[in-house]
Amino acid sequence: MAESTRNINITPQEIESGKTMAFVAYLIFFIPLLVEDAKKNRYVMFHTEQAIVLAIFNFISFIVASIIGAITCGIGFILYIPGIVFWIMGIINAFGGKVQPLPLIGQFGEKFNLVK
Numbered sequence: 001m002a003e004s005t006r007n008i009n010i011t012p013q014e015i016e017s018g019k020t021m022a023f024v025a026y027l028i029f030f031i032p033l034l035v036e037d038a039k040k041n042r043y044v045m046f047h048t049e050q051a052i053v054l055a056i057f058n059f060i061s062f063i064v065a066s067i068i069g070a071i072t073c074g075i076g077f078i079l080y081i082p083g084i085v086f087w088i089m090g091i092i093n094a095f096g097g098k099v100q101p102l103p104l105i106g107q108f109g110e111k112f113n114l115v116k
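Heads up, the sequence shown is in the numbering used here, so the first residue is 1 and it goes up one at a time.
No lab work stands behind these hints: they were computed from the structure. Treat the hints with care, as some may be off.
[Claimed, not checked] With a cut-off of at most 25 Å between alpha-carbon atoms, the simulated PhoX-like pairs for lysine-lysine come out as follows:
1) Lys98 <-> Lys40
2) Lys116 <-> Lys40
3) Lys40 <-> Lys111
4) Lys98 <-> Lys39
5) Lys98 <-> Lys116
6) Lys39 <-> Lys116
7) Lys98 <-> Lys111
8) Lys39 <-> Lys111
9) Lys116 <-> Lys19
10) Lys19 <-> Lys39
11) Lys111 <-> Lys19
12) Lys98 <-> Lys19
13) Lys40 <-> Lys19
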């Protein structure tokens, strides 16, 4: 499982007030970046980082799956499964109040440096 290399101190108040917007980040990752209150919430920004990494992963998976699908008559769709699993895990973490990076890809979220 991916481990974060940084220590993020997020208060229980930030978690409670940010759960809904953290969930929204996994649906449409740029929405929390447009809302001022969300940009100030470290919990929301952590999950926004994770959602951005997930969107990039899904985009790359889509391209690879399309190429493999064209070559193998449609078997490339199997590459969508990890993205769906990571998406569900992210939503569960967002609603569960967890600050835990997504497996395998989550550590790349630190590169966006949205959590201040």
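Here's how the hints hold up against the structure:
1. Lys98 <-> Lys40: With Cα atoms ~18 Å apart, Lys98 and Lys40 stay inside 25 Å; holds.
2. Lys116 <-> Lys40: Holds. Lys116 to Lys40 sits at ~8 Å (cutoff 25 Å).
3. Lys40 <-> Lys111: Holds - the C-alpha atoms of Lys111 and Lys40 are around 18 Å apart, at most 25 Å.
4. Lys98 <-> Lys39: Satisfied, since the Cα-Cα distance of roughly 18 Å is no more than 25 Å.
5. Lys98 <-> Lys116: holds (17 Å)
6. Lys39 <-> Lys116: holds (10 Å)
7. Lys98 <-> Lys111: holds (20 Å)
8. Lys39 <-> Lys111: holds (17 Å)
9. Lys116 <-> Lys19: At roughly 18 Å apart (the allowed maximum being 25 Å), Lys19 and Lys116 satisfy the hint.
10. Lys19 <-> Lys39: Given that 25 Å is the threshold and the Cα spacing comes to 13 Å, the pair holds.
11. Lys111 <-> Lys19: holds (22 Å)
12. Lys98 <-> Lys19: Status holds; Cα separation ~10 Å.
13. Lys40 <-> Lys19: Cα-Cα ~14 Å, so holds.
In terms of the numbered hints stated before, the structure departs from none.
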